[in-house]
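There are 2 protein chains.
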Amino acid sequence: MSKKTNNDKLMIFALGGVGEIGKNMYVVQYGNDIVVVDSGLKFPEEDMLGIDIVIPDISYLTENRDKVRGIVLTHGHEDHIGGLPYVLKHLNVPVYGTKLTLGLVENKLKEANLLGETKRILINADSEIKLGSTLKATFFRTNHSIPDSVGVCIDTPEGAVVHTGDFKFDHTPVNGQYADLQRMAEIGTRGVLALLSDSTNAEKPGFTPSEKSVGIVLEDIFRKSRQRVVVATFASNVHRIQQVINAAEATGRKVTVIGRSMVNVVGIASDLGYLEIPDGMLIEPEEVGKMSADRVVILCTGSQGEPMSALTRMARSTHRKVDILPGDSVIIAATPVPGNEKYVGRTIDELFRLGANVYYSAANPGIHVSGHGSQEELKLMLNLMKPKFFLPIHGEFRMQRRHALLAEGVGIEPENIFITDIGEVIEIQNGGARRAGKVTAGNVLIDGLGVGDVGNIVLRDRKLLSQDGILVVVVTLSKQDGTIKSGPDIISRGFVYVRESEGLLDEANRIVSSTLHKLMSENVNEWASLKTNVKDALGRFLYEQTRRRPMILPIIMEV
Amino acid sequence: MSKKTNNDKLMIFALGGVGEIGKNMYVVQYGNDIVVVDSGLKFPEEDMLGIDIVIPDISYLTENRDKVRGIVLTHGHEDHIGGLPYVLKHLNVPVYGTKLTLGLVENKLKEANLLGETKRILINADSEIKLGSTLKATFFRTNHSIPDSVGVCIDTPEGAVVHTGDFKFDHTPVNGQYADLQRMAEIGTRGVLALLSDSTNAEKPGFTPSEKSVGIVLEDIFRKSRQRVVVATFASNVHRIQQVINAAEATGRKVTVIGRSMVNVVGIASDLGYLEIPDGMLIEPEEVGKMSADRVVILCTGSQGEPMSALTRMARSTHRKVDILPGDSVIIAATPVPGNEKYVGRTIDELFRLGANVYYSAANPGIHVSGHGSQEELKLMLNLMKPKFFLPIHGEFRMQRRHALLAEGVGIEPENIFITDIGEVIEIQNGGARRAGKVTAGNVLIDGLGVGDVGNIVLRDRKLLSQDGILVVVVTLSKQDGTIKSGPDIISRGFVYVRESEGLLDEANRIVSSTLHKLMSENVNEWASLKTNVKDALGRFLYEQTRRRPMILPIIMEV
Numbered sequence: 025m026s027k028k029t030n031n032d033k034l035m036i037f038a039l040g041g042v043g044e045i046g047k048n049m050y051v052v053q054y055g056n057d058i059v060v061v062d063s064g065l066k067f068p069e070e071d072m073l074g075i076d077i078v079i080p081d082i083s084y085l086t087e088n089r090d091k092v093r094g095i096v097l098t099h100g101h102e103d104h105i106g107g108l109p110y111v112l113k114h115l116n117v118p119v120y121g122t123k124l125t126l127g128l129v130e131n132k133l134k135e136a137n138l139l140g141e142t143k144r145i146l147i148n149a150d151s152e153i154k155l156g157s158t159l160k161a162t163f164f165r166t167n168h169s170i171p172d173s174v175g176v177c178i179d180t181p182e183g184a185v186v187h188t189g190d191f192k193f194d195h196t197p198v199n200g201q202y203a204d205l206q207r208m209a210e211i212g213t214r215g216v217l218a219l220l221s222d223s224t225n226a227e228k229p230g231f232t233p234s235e236k237s238v239g240i241v242l243e244d245i246f247r248k249s250r251q252r253v254v255v256a257t258f259a260s261n262v263h264r265i266q267q268v269i270n271a272a273e274a275t276g277r278k279v280t281v282i283g284r285s286m287v288n289v290v291g292i293a294s295d296l297g298y299l300e301i302p303d304g305m306l307i308e309p310e311e312v313g314k315m316s317a318d319r320v321v322i323l324c325t326g327s328q329g330e331p332m333s334a335l336t337r338m339a340r341s342t343h344r345k346v347d348i349l350p351g352d353s354v355i356i357a358a359t360p361v362p363g364n365e366k367y368v369g370r371t372i373d374e375l376f377r378l379g380a381n382v383y384y385s386a387a388n389p390g391i392h393v394s395g396h397g398s399q400e401e402l403k404l405m406l407n408l409m410k411p412k413f414f415l416p417i418h419g420e421f422r423m424q425r426r427h428a429l430l431a432e433g434v435g436i437e438p439e440n441i442f443i444t445d446i447g448e449v450i451e452i453q454n455g456g457a458r459r460a461g462k463v464t465a466g467n468v469l470i471d472g473l474g475v476g477d478v479g480n481i482v483l484r485d486r487k488l489l490s491q492d493g494i495l496v497v498v499v500t501l502s503k504q505d506g507t508i509k510s511g512p513d514i515i516s517r518g519f520v521y522v523r524e525s526e527g528l529l530d531e532a533n534r535i536v537s538s539t540l541h542k543l544m545s546e547n548v549n550e551w552a553s554l555k556t557n558v559k560d561a562l563g564r565f566l567y568e569q570t571r572r573r574p575m576i577l578p579i580i581m582e583v
Numbered sequence: 025m026s027k028k029t030n031n032d033k034l035m036i037f038a039l040g041g042v043g044e045i046g047k048n049m050y051v052v053q054y055g056n057d058i059v060v061v062d063s064g065l066k067f068p069e070e071d072m073l074g075i076d077i078v079i080p081d082i083s084y085l086t087e088n089r090d091k092v093r094g095i096v097l098t099h100g101h102e103d104h105i106g107g108l109p110y111v112l113k114h115l116n117v118p119v120y121g122t123k124l125t126l127g128l129v130e131n132k133l134k135e136a137n138l139l140g141e142t143k144r145i146l147i148n149a150d151s152e153i154k155l156g157s158t159l160k161a162t163f164f165r166t167n168h169s170i171p172d173s174v175g176v177c178i179d180t181p182e183g184a185v186v187h188t189g190d191f192k193f194d195h196t197p198v199n200g201q202y203a204d205l206q207r208m209a210e211i212g213t214r215g216v217l218a219l220l221s222d223s224t225n226a227e228k229p230g231f232t233p234s235e236k237s238v239g240i241v242l243e244d245i246f247r248k249s250r251q252r253v254v255v256a257t258f259a260s261n262v263h264r265i266q267q268v269i270n271a272a273e274a275t276g277r278k279v280t281v282i283g284r285s286m287v288n289v290v291g292i293a294s295d296l297g298y299l300e301i302p303d304g305m306l307i308e309p310e311e312v313g314k315m316s317a318d319r320v321v322i323l324c325t326g327s328q329g330e331p332m333s334a335l336t337r338m339a340r341s342t343h344r345k346v347d348i349l350p351g352d353s354v355i356i357a358a359t360p361v362p363g364n365e366k367y368v369g370r371t372i373d374e375l376f377r378l379g380a381n382v383y384y385s386a387a388n389p390g391i392h393v394s395g396h397g398s399q400e401e402l403k404l405m406l407n408l409m410k411p412k413f414f415l416p417i418h419g420e421f422r423m424q425r426r427h428a429l430l431a432e433g434v435g436i437e438p439e440n441i442f443i444t445d446i447g448e449v450i451e452i453q454n455g456g457a458r459r460a461g462k463v464t465a466g467n468v469l470i471d472g473l474g475v476g477d478v479g480n481i482v483l484r485d486r487k488l489l490s491q492d493g494i495l496v497v498v499v500t501l502s503k504q505d506g507t508i509k510s511g512p513d514i515i516s517r518g519f520v521y522v523r524e525s526e527g528l529l530d531e532a533n534r535i536v537s538s539t540l541h542k543l544m545s546e547n548v549n550e551w552a553s554l555k556t557n558v559k560d561a562l563g564r565f566l567y568e569q570t571r572r573r574p575m576i577l578p579i580i581m582e583v
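Residue numbers (the working numbering), protein chains in the order written: chain H, 25 to 583; chain P, 25 to 583.
Just chain H, same shape as in the assembly (with noise of 0.2 Å):
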C-alpha cells in the first residue's frame, strides 16, 4: 500500500485543540485521502454571549468531502466527539471508535436524528483500518479519565504520523487497562515520523498520581461519615465511578445515581461492561428517604458548579428529590475547570452553609488526580515513540511551548518541532517538513438551533448591551411643518432603573426635541443625519452625565 508517488505530500494540521483546550480536531492528508482524527466542541469564551457551545469550522473538508475517508475517535470526550452531531450534517463519513465511544456516540447520533444515516464502525486495540489507497490506521491502548481510551498511529506513504489521543501513564489502572507500552515502543522502532502528542499538563511536573490513589480516599470519607455520602464527579469518568461503587461496596452502602449526563453515562458504562455494579447496588432517588443514612451514597454532577446541575440544585434547596442534610459529607472529585472556579466555590460556600462537611480539591488534594499525564509522561512517551517531527497539541500556547521545551529536552531537533495555530499546515515531502500555509479554520458558535448566525457584530452588540443597556427614542415628526408630532418618547432597558431617574430621561427627552427642532429649523432631514445627530447629542449628554454608553436606537417616524 505504501508505494510512494513522489508529487504527492503529507498534510499535517489542526481544525481545532491548538492553542485552545477543547473542540480537538486533527487532519492528516495524504494526496487524495484525508483521515480526521477527533471531532470535539468547546465551551464559549467569557465573551461569546449567549452562545451555547463553539464547534470547529469544517470548510476545508466539506470543499474536500469525496477526499475524507472517516473520523477516527480516540475516546469519548466532549472535547473529542462533541461536534459530530453538527459535523456529520454536513459530511457523511463513516465514524472509527472503541466500543464505549460508540456507545457515548450513539447516544448522541441519535439525540440529532442522525443514527441512521451514519456509518459506525468498531475498532479495538489490533484494528488495522485502510483509510483510502494510502492511509492506514492502527491503534494502542492508553490511559485517561475514560476507558477505552486509545492512541492513532496513521501510516503513511512518507512514513508514520503518531496522535497520542489524551493520555496518563496508570501504572494501577483500576479497570486493568493497561496503557500498551509495548505496542508503543514497537511503533516507536518502527520509526515515527510526527508525533501529536498531548499537552494539557505540560506545565506539571513530574507523574500525574494513578486513578487508583482517588479510590483509597473516596473510601476513607465513606467509612468514617455518619450519613449520607454524595459525590459530585464528571459523567465520563468511569473509572471514577467505579470507584465509588467499590468504596460503597466496601462500606454497605447503596449508590443512587441523579443527573441526566450522570445517568446516561452509567447506564451506557455499565450495559457495556466497563462498569461493573453488583446486584441491588443501585437504588432510586425516591428510596433514599427511606435508607438510613449512613448507609446511601449518592453519586450526582455538578462537579463544576454548573448552575443547573444536580449538586448546584441540591446546594441551593431546590432539587425536587434529594436534600443536603447536616452532617452529610459532599465530595467534588473534581478540580474547577479555568473560568469555573467562582461557581464552584458558590456551591461549596452553600453546602457548608447547609451544615455538610464538604471535601472539594483545594483544601482535600486526594479527592481527585488529572487524566492527563505530567512532564515526566510526556517525556516518557516522546523517548517511547522517538519522533523525527514533534507537533505538541491539545493545549493553550503556554502548554504548547512547554511541551516543546521538553521535547528540546530529550533531544528533538527545535528545528523539527512545531508548534501551529488553527489552520497552519504542516507540510512533510523527501523526509523534508515546512510550514505551507493555511486553510479555512476557526469558530464556529452555536447559539440554541442557529449554527454560525451569530458573528462579530452580534457579539459586539452584546457585548455593549451587557454593559449599559439600550435606550430606544422614539419621534413621530411632520417634515412639512418641520414639528414633533409625537414623543420623544425613551424606553430604557439595562440602562437605568427608570423609577429613579426621572429627572436624567426627563433631561434626555429635552435634549432630543432641541436637537430635532434645531436640525429641521436648518433644513436637514434626511433620516440618515436626524438620527446620527439625536445619537450623537444623546450619547454625549448621557455621558457627562453618567459616564455610561448606553446603545441608542432612535427610531424617527413621519405623519
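No lab work stands behind these hints: they were computed from the structure. None of these values were measured; they are calculated from a predicted model. Just to be clear, a hint being listed does not mean it is correct.
It does not matter which identical chain is meant; a pair holds if it fits inside one copy or across any two.
[What the hints assert, rightly or not] Derived DSSO-like pairs: lysine-lysine, alpha-carbon spacing no greater than 27 Å straight-line: (1) Lys-228 <-> Lys-248; (2) Lys-559 <-> Lys-487; (3) Lys-160 <-> Lys-410; (4) Lys-366 <-> Lys-228; (5) Lys-154 <-> Lys-412; (6) Lys-403 <-> Lys-248; (7) Lys-91 <-> Lys-154; (8) Lys-236 <-> Lys-410; (9) Lys-487 <-> Lys-366; (10) Lys-487 <-> Lys-132; (11) Lys-248 <-> Lys-236; (12) Lys-228 <-> Lys-403; (13) Lys-345 <-> Lys-278; (14) Lys-248 <-> Lys-278; (15) Lys-236 <-> Lys-33; (16) Lys-555 <-> Lys-509; (17) Lys-248 <-> Lys-123; (18) Lys-462 <-> Lys-91.
Using the hints, position chain P against chain H.
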C-alpha cells in the same frame, strides 16, 4: 474610661468582608460610640454586568452618624480603603491610618475632591486613640504584602476586641518591619474578649513563605537574562517592588516604571521613605530604547491580565512606549485572583507568541508568595491572643468555616465561635455573647457616576440582553379602520445578524401583522393587550425557530 455602664451592650458586625473577599468594613459599637475598621471596595461578580465596583451599604452608619467616632484603617489595599471616597461623601468622620496608608488615602481623596473636608489622623504602632467616651484603640505591627500594616485592639467596657487586619508572620521581612509578637502576646496576656481574624488562606496548610524568598528568585532570573526583564506585580506590593529594585541594582540594571497605579505607588512610597531607590536607578520609558537590553528592567502593572493594563498592552503590541522583543524575560510575580485565570493565561500566551521567556506562578511557584498567613500562622495568632470569642472574617464562607475548625483545634469553645453574614450582629453583654439580629447591609453597585442607581431589574435586563439581544418591533395602527398604517418594522440588536436571517425576520413580520389584524378584528385594542399579544406570539415563534429568547420591545403607535 472603661467604667462599665450595665445597660449598654457591645455590638460587633461586618458591613462587608464576611462571606466574600473584598469591601472590608467592620463595626464595633458600645453604647453611643461606633468605630469602623476599614472601608474597602470589591470588584463586581460576573453576574453584575456593566458594574465598575461594589461598596458596602452604609445605611446603619449614616443613620447613626452622630455616634460614629472614626474610621480606623489597617492597611492601604483597595479592599480596605477603596470605598472611602464614597463613604466619606455621606459620612464626614476622622480617618486614622499609618503613614503609608494615609499617603495612599490622600491620593484617593484628592482625586475625589474630598481631601479638604476630611480629617486625617496619623497613627503609629505606639498610638493610643480615644474614640468617644468608652472606646480606645491601640495597634500592633503585622506583616502583609504592603508596608505599614497594623492590627487593631479596641478596648471596650466589656473587654478587648482585636481585629488582625490582613496578616502573615514573615520572620525575615523585606523592610525590617517585624510583626510585633511581643505586643500581641501582651494583648493576649491582658485578655482578649473577641478576636476577628483574616481567613483568606485558612484552606492552606503550613506556613506562607517569606517575601524574601521571592527576591532570591527574581535576582536569579535577572542575572541569567541576556535581554530586558519585565516584571509585573501588584502596584501596592511595595516589598516586591523594593526587591525588584534590589535585584536590578545587584545585576547592574536600571528600572523604568510603567502603568498609572505603579507610577503612583512608587512615587508615594519613595516620598514617604518606604522604598529605597538608589540615585539614578529609575529611568524614563523613553530611555529604554537607548540602553543595551541587558541593562534594563521594566516594572509594570498588569499581573492580573487586566485588559487596559501596561503588560496586557505590551503583550498585544499596542503599548505606546514598550514592545516585547524575542528573548525578553517577562515575570508575572502574582497569582491570578479567582476569576482572572483566563485573562492571565491569555496574556502569558501572547507573550510567549512574541518570543518572550515568561515566568508565571503556575510554572514557577517561587516568583510569588501570598501576603496572608496559612493555617499554622492563623493558629499562632489564635494562640497569641487566646480570645474568649472568635469571629473568622475576611474570606468566603468556606474559608471562614475552615478557620473556625482551626480555632476549635486550638481549644476555642465551638459555641464561642461565630461565623456571621454581613449585617449580622454579635452582641456581648456581661461576658455573654449572642447573635442579635441584623442591621441593614448589602452591596451598593457603582456604574460610572451612578451610585446605587443600578438595581436587580437593570441587571436582569442586561443579563437578558447579553444572552440573546433585543428585537424592537415598530407598528403604526389606525384603530378606526383597524388597519396597519406602517410597519411592522423589526430592528435586531444582538439577536441575529440581519443579513443572514432575512427569511426569519420576514416571517416574524408576518406573525406580528397577523396577530394585530386578528386582535383588531376581535376589537381588542388596548395598548397593553396588543403589546402583550405581539410579544407572546413573536417570542413563541422565535423560540421555536431558534431556541433563543431575545428581549422583545413592541412599539405600537396610533395615527
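Going down the list of hints, with the structure as the test:
no. : hint                : in the structure
1   : Lys-228 <-> Lys-248 : between (32 Å within a copy, 23 Å between copies)
2   : Lys-559 <-> Lys-487 : both (19 Å within a copy, 24 Å between copies)
3   : Lys-160 <-> Lys-410 : within (20 Å within a copy, 73 Å between copies)
4   : Lys-366 <-> Lys-228 : both (23 Å within a copy, 18 Å between copies)
5   : Lys-154 <-> Lys-412 : within (24 Å within a copy, 77 Å between copies)
6   : Lys-403 <-> Lys-248 : between (40 Å within a copy, 26 Å between copies)
7   : Lys-91 <-> Lys-154  : within (14 Å within a copy, 85 Å between copies)
8   : Lys-236 <-> Lys-410 : neither (29 Å within a copy, 43 Å between copies)
9   : Lys-487 <-> Lys-366 : both (21 Å within a copy, 18 Å between copies)
10  : Lys-487 <-> Lys-132 : neither (32 Å within a copy, 30 Å between copies)
11  : Lys-248 <-> Lys-236 : within (19 Å within a copy, 42 Å between copies)
12  : Lys-228 <-> Lys-403 : within (12 Å within a copy, 31 Å between copies)
13  : Lys-345 <-> Lys-278 : within (16 Å within a copy, 65 Å between copies)
14  : Lys-248 <-> Lys-278 : within (16 Å within a copy, 59 Å between copies)
15  : Lys-236 <-> Lys-33  : neither (45 Å within a copy, 56 Å between copies)
16  : Lys-555 <-> Lys-509 : both (16 Å within a copy, 22 Å between copies)
17  : Lys-248 <-> Lys-123 : neither (37 Å within a copy, 52 Å between copies)
18  : Lys-462 <-> Lys-91  : within (18 Å within a copy, 71 Å between copies)
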